Structures are given as structure tokens and as C-alpha cells.
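A.B. asks: Taking the numbering used here, I'd label the letters of the sequence shown as residues 1 to 147.
Just so you know, the hints here were simulated from the structure itself, not pulled from any lab data.
Treat the hints loosely; a few may be bogus.
[As the list claims (entries may be wrong)] Derived CB-CB ranges, DEER-like: (1) His77 x Thr120: 40 to 50 Å; (2) Thr100 x Thr120: 50 to 60 Å; (3) Asp121 x Asn33: 39 to 49 Å; (4) Thr11 x Ile117: 52 to 62 Å; (5) Thr120 x Leu79: 21 to 31 Å; (6) Phe7 x His77: 16 to 26 Å; (7) Ser49 x Ile19: 48 to 58 Å; (8) Thr46 x Leu23: 47 to 57 Å; (9) Thr31 x Gly87: 50 to 60 Å.
[Claimed, not checked] Computed list of lysine-lysine pairs in DSSO-like fashion (alpha-carbon distance at most 30 Å, straight line): (10) Lys41 x Lys72; (11) Lys48 x Lys72; (12) Lys84 x Lys48; (13) Lys113 x Lys72; (14) Lys113 x Lys48; (15) Lys72 x Lys84; (16) Lys84 x Lys41; (17) Lys84 x Lys113.
Since the model is a prediction, treat every value here as computed from it, not as a measurement.
Ideal placement from N, C-alpha and C gives every residue a C-beta, glycine not left out.
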Amino acid sequence: MTGNGLFGSTTLDVVIGLIFVYLLLAIICTTVNEWIAGILKTRAATLKSAITQLLDSQKESDSSADLNWFLKQFNTHPLIAGLKQAGQPDSHPAYLPARTFATAVIDITTSHKPGVIGFTDLEQGINNLPKRGRKKGAARTNSKRSR
């Protein structure tokens, strides 16, 4: 067994070694990236910016109405407020599970309906939003489903 390596093939030994080195390097880079993001708090700021773009009302000429009402409802929703750091009301969560996001949006959209919520309830909730509060994507999805 001289010169054949651990698995009987020098090439296989090199490939397995390279895979382990790559995985180790990936874990180290991910750890350093998470560490830097935690120190600089960039993850929370980026998530806040993305959510603002998703939920912020479309700007229209009428400035009398509250343009950010849906976003304010979202940020004060108990599921979202529970993810913020205790004692820091202006903080924003660094991580937001998809299920929590969807549940909060559905809850705000269908707050008039207690109990089990179906697709028609969600569709009706979107239609009941003020026209300025509806994003174009939600309206498009809504119209495609109704066909």
C-alpha cells in the first residue's frame, strides 16, 4: 500500500482533501461575515430597508393621507415587535422568518375577519385596502387569481 494513499488512489485523496479545505474555508468566511454584520448591525438595516420597499405605500400626489400606514401597522404588529431587542423600541430585527412576515401581513390585511382565513378573505382584504395602500404586485396577483 505504498504510494496509493488512504483510499487506494492519490487523485481521490487530493479531491477529498480539497473538498474539506473548501468547506473549512466556507465556514470560516461565513463566520467572519456574520461577525462583521453583527458588529456593524448591517443585517438589521438591510432588512428594514427591504421591508420598507415592500410595504411602503406608493407615492401619489395627495399628501393629506398617511402614506406609510401599512408599514407602521407592520412594525407595531406584536409578531414583529416581539423580534426587536428589549428596551430598544427603535431597533429592528436582524432576522425575520418568512412565516412570521406572512402571518403579520395577512393579519393586518384581514384584521376584520376572526378565525380561519381563506384565500377569498385575503383577496377581499387586499381589495379593501385603500387604493394607495395596495402595491401593484398584490393587485396583479389578485387579478390573476380571480380569472
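A.B. asks: So which of those numbered hints doesn't the model satisfy?
C.D. replies: Structure breaks hints 1, 2, 6, 7, 8, 9.
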